[in-house]
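> Dock chain B against chain A, hints included.
Protein chains in written order, with my numbering: chain A, 1 to 438; chain B, 1 to 438.
These aren't lab readings, by the way, just hints derived from the structure by calculation.
Note that beta-carbon positions come from the ideal geometry of N, C-alpha and C, so glycine has one too.
It is possible that some hints are incorrect.
Unchecked claim - The list that follows gives simulated cross-link-like pairs (lysine-lysine, DSSO-like), each with its CA atoms no further than 27 Å apart:
#1 Lys73(A) - Lys2(B)
#2 Lys73(B) - Lys129(A)
#3 Lys80(A) - Lys62(B)
#4 Lys399(B) - Lys73(A)
#5 Lys423(A) - Lys400(A)
#6 Lys62(A) - Lys2(B)
#7 Lys399(B) - Lys80(A)
#8 Lys62(A) - Lys73(B)
#9 Lys62(B) - Lys2(A)
#10 Lys80(B) - Lys73(A)
#11 Lys129(B) - Lys73(A)
#12 Lys423(B) - Lys2(A)
#13 Lys400(A) - Lys371(A)
#14 Lys80(B) - Lys62(A)
#15 Lys400(B) - Lys371(B)
#16 Lys423(B) - Lys399(B)
#17 Lys80(B) - Lys80(A)
#18 Lys73(A) - Lys371(B)
Stated by the list, open to error - Just a few of them, taken from the derived set where beta-carbon distance is under 10 Å, the chain B residues facing chain A:
#19 Gln18
#20 Val67
#21 His108
#22 Pro110
#23 Asp145
#24 Cys187
#25 Leu378
Listed below are the residues making up each chain.
There are 2 protein chains.
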Amino acid sequence: VKTNTAPPSGMRDLLPEQVELRDRATRAILGAYARFGYSRVETPALESLERLSTGEGGDNEKLIYRVLKRGGKLDIGAAKGPDDLADLALRYDLTVPLARFYAEHAGHLPDPFRSIQIGPVWRAERPQKGRFRQFTQCDIDILGDDSERAEIELIQATATALATLGLDGLTVRVNDRRLLAALVRSCGFEADSLPAVFIIVDKLDKVGQDGVRKELLAKGHAEQAVGRLMEVLARSESAGADDDLLGWVRETLAQHEADSNDGARVAEQRLSRLCDLASRHLPEGVRVAYDLTLVRGMGYYTGTIFEVSAEGYDFSIAGGGRYDEMIGRMSGRSVPACGFSIGFERVIMMLEERGGLPGEAGSRVALFHDKDADTDALLAAAATLRVDDRRVTTLVRRKKFGRQLEELESRGFDGFAVLEPGKELELRTLGGSGGASS
Amino acid sequence: VKTNTAPPSGMRDLLPEQVELRDRATRAILGAYARFGYSRVETPALESLERLSTGEGGDNEKLIYRVLKRGGKLDIGAAKGPDDLADLALRYDLTVPLARFYAEHAGHLPDPFRSIQIGPVWRAERPQKGRFRQFTQCDIDILGDDSERAEIELIQATATALATLGLDGLTVRVNDRRLLAALVRSCGFEADSLPAVFIIVDKLDKVGQDGVRKELLAKGHAEQAVGRLMEVLARSESAGADDDLLGWVRETLAQHEADSNDGARVAEQRLSRLCDLASRHLPEGVRVAYDLTLVRGMGYYTGTIFEVSAEGYDFSIAGGGRYDEMIGRMSGRSVPACGFSIGFERVIMMLEERGGLPGEAGSRVALFHDKDADTDALLAAAATLRVDDRRVTTLVRRKKFGRQLEELESRGFDGFAVLEPGKELELRTLGGSGGASS
Chain A
1 VKTNTAPPSG MRDLLPEQVE LRDRATRAIL GAYARFGYSR VETPALESLE
51 RLSTGEGGDN EKLIYRVLKR GGKLDIGAAK GPDDLADLAL RYDLTVPLAR
101 FYAEHAGHLP DPFRSIQIGP VWRAERPQKG RFRQFTQCDI DILGDDSERA
151 EIELIQATAT ALATLGLDGL TVRVNDRRLL AALVRSCGFE ADSLPAVFII
201 VDKLDKVGQD GVRKELLAKG HAEQAVGRLM EVLARSESAG ADDDLLGWVR
251 ETLAQHEADS NDGARVAEQR LSRLCDLASR HLPEGVRVAY DLTLVRGMGY
301 YTGTIFEVSA EGYDFSIAGG GRYDEMIGRM SGRSVPACGF SIGFERVIMM
351 LEERGGLPGE AGSRVALFHD KDADTDALLA AAATLRVDDR RVTTLVRRKK
401 FGRQLEELES RGFDGFAVLE PGKELELRTL GGSGGASS
Chain B
1 VKTNTAPPSG MRDLLPEQVE LRDRATRAIL GAYARFGYSR VETPALESLE
51 RLSTGEGGDN EKLIYRVLKR GGKLDIGAAK GPDDLADLAL RYDLTVPLAR
101 FYAEHAGHLP DPFRSIQIGP VWRAERPQKG RFRQFTQCDI DILGDDSERA
151 EIELIQATAT ALATLGLDGL TVRVNDRRLL AALVRSCGFE ADSLPAVFII
201 VDKLDKVGQD GVRKELLAKG HAEQAVGRLM EVLARSESAG ADDDLLGWVR
251 ETLAQHEADS NDGARVAEQR LSRLCDLASR HLPEGVRVAY DLTLVRGMGY
301 YTGTIFEVSA EGYDFSIAGG GRYDEMIGRM SGRSVPACGF SIGFERVIMM
351 LEERGGLPGE AGSRVALFHD KDADTDALLA AAATLRVDDR RVTTLVRRKK
401 FGRQLEELES RGFDGFAVLE PGKELELRTL GGSGGASS
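Bound conformation, chain A alone (with noise of 0.2 Å):
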């Protein structure tokens, strides 16, 4: 009887083309963040469930995968929700288990600290294309600066990585989140509105420019400021790449200077000279603008975001920012934070769609034999082939051998050889690649 044999819903297997592509992807990414000095640690996938319970996560706490308490630990009539059955969760992310990591482990780590994570995160989503429920993040962080310096490293070793990737046409946006603030009051929005009034504009993508309007006054906000808001979203919408929208921004300001706005003013000071570092060291093709509608969903965000976007796509490939009090929460000593973190499942899409990635890949070759071969004979064949990084595959020659051999060439192999008694080994190229050659 054939049992159910798919993976889990919204899960996804792996086959070998696909693996090798992430791989590939993997090494790449991580040997330009290595380049920059960060070093790769790794958590746990489970967590206690108390610890991804703190709010911190934001909606995808709501999706939390919650592991079953064993033994005598797990008392089922006593339980009034599912929180009592449960202890342990698998991660939604990989920044919360970094600020528990960098709390229990700073004493042995290099101050400032660089690191990478790369790893699979959870979150029971409702199945959807191209969304699943198993997924990998991969992270940049740097705990323990609050110089502009970490944030424009952070920016060029993402805009590195992608690049070396082969991405093109590609922009990283950048915002200041006490910026944002300090607009929308000036609007005339009230102080505690804010964080209620930015989820609202995180949608304009999504629902344009009259979604947003209708949105905030459907929620009670006043209609001039509001409207105020409309001119100011209406003014960047038209901006033009060469427009000082961030000079803009600066007078608007000043016009308004209802409280005495400091986190603005070095907000804005910053924003101009991180464009000003970025546009002059950032990879080749890969601009830098001020986008004063990016706000970023996670409420933790403190000062500077960033998000990358490649033409083309209406999604971001990559998106991070400035976290400067977590690690605090957690730990009750102060660390600055940032990081970046590169939409991992998206920028394999992207690869997939434009047929892998260039380079690389190295010699992979058949050794046939009959079915009934001397396997002795076999295996010193099979060594002498097995030289430098060539892959050596032996096989069975089928009957039908000439499609056998289409087959392998399809998979990526480059050359065969076959093993006959008394005759030398020949090993021959296979399709037009002229990759193998003895």
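Just chain B now, with coordinates in the frame of chain A:
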């Protein structure tokens, strides 16, 4: 307030140095396997609870982490036990998922299929030194090949991977479940008592011959049968490296020709050839030996079984064997299968004891600057150093500069430069390694 920031009980955070060693070992192992034509595949960390509760996993099924059902599917009031509360579970090994993977995707895979899997598995074991609740397994398998070639290739590839890591004093011990069964039966045990007898014999390393005899008698096995089995075990223990133990088993079985023992004869011939082939085709320094007491715990093995031990260590560092029926039980189509699993955590522990892996690493340098250095000049200087694969970390120079240099050296840095306005950048060597020069 400082909260508890330790990872969950029995699980680990991995620091940069630890991840680096693991990554290098992984690259070495995967490189060796690739040269034998193996390709990596991946399955999700979660499988359906049902799939992981068939009995196939033996005792590991008792150590399973169950994942709570979500939303409307969770009915706490109606639940009679943990299995009613959970629909998914974390995998406890890579073999059951591979069998499911193959049953699902065989039509898209080469035939035979040579797979590599490396990834975490989870078991809720009682925490103890050197044993973790999340740990890495590293398996290769050949699916769809029932020949001796599959077995010798798995042994050869695994021995090559371990030798690549610089491990020495390796012995591959081989046996065959059918031969072991015939031998135990020839002592006078009943066929249906074999699984229970195997479990006791498997403890020989831990409890010694005397312990095995006592436990067999305590379980009510016939005194005469136990006595004969003890003679066999004694003969095995006293056998020297040059003794023809397999020949002795052949003769012993020939004298007890109670039933026509075709399976045992096939197994004995196959083992004999396997030892012969291995002795000629394994990497230098790796021995092969027939071990008539080798059992391997899992119930699913059907023929040849193997284990690798290393001189000076009382645990095995790799193990595997033929399991020809598991995939058929899932897919309804019988597929021969054979696999070899490296005990990744044990290998890493051995490498750590030896001070890591020789070679490689690459140059790692620090670029020091003052806290108020010009970021533009710093980025330009870093870019001139960041050539080839050199890793360049920018760092604020501390007052105790000598101590800072010592710390870097202990972290594996081999060079540094200091950014000073108006001075040319000079890359200097750190410590005695001499690896960095401009």
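> What are the numbers of the hints the structure violates, in ascending order?
When the structure is compared with the hints, numbers 4, 7, 12, 18, 24 turn out to be violated.
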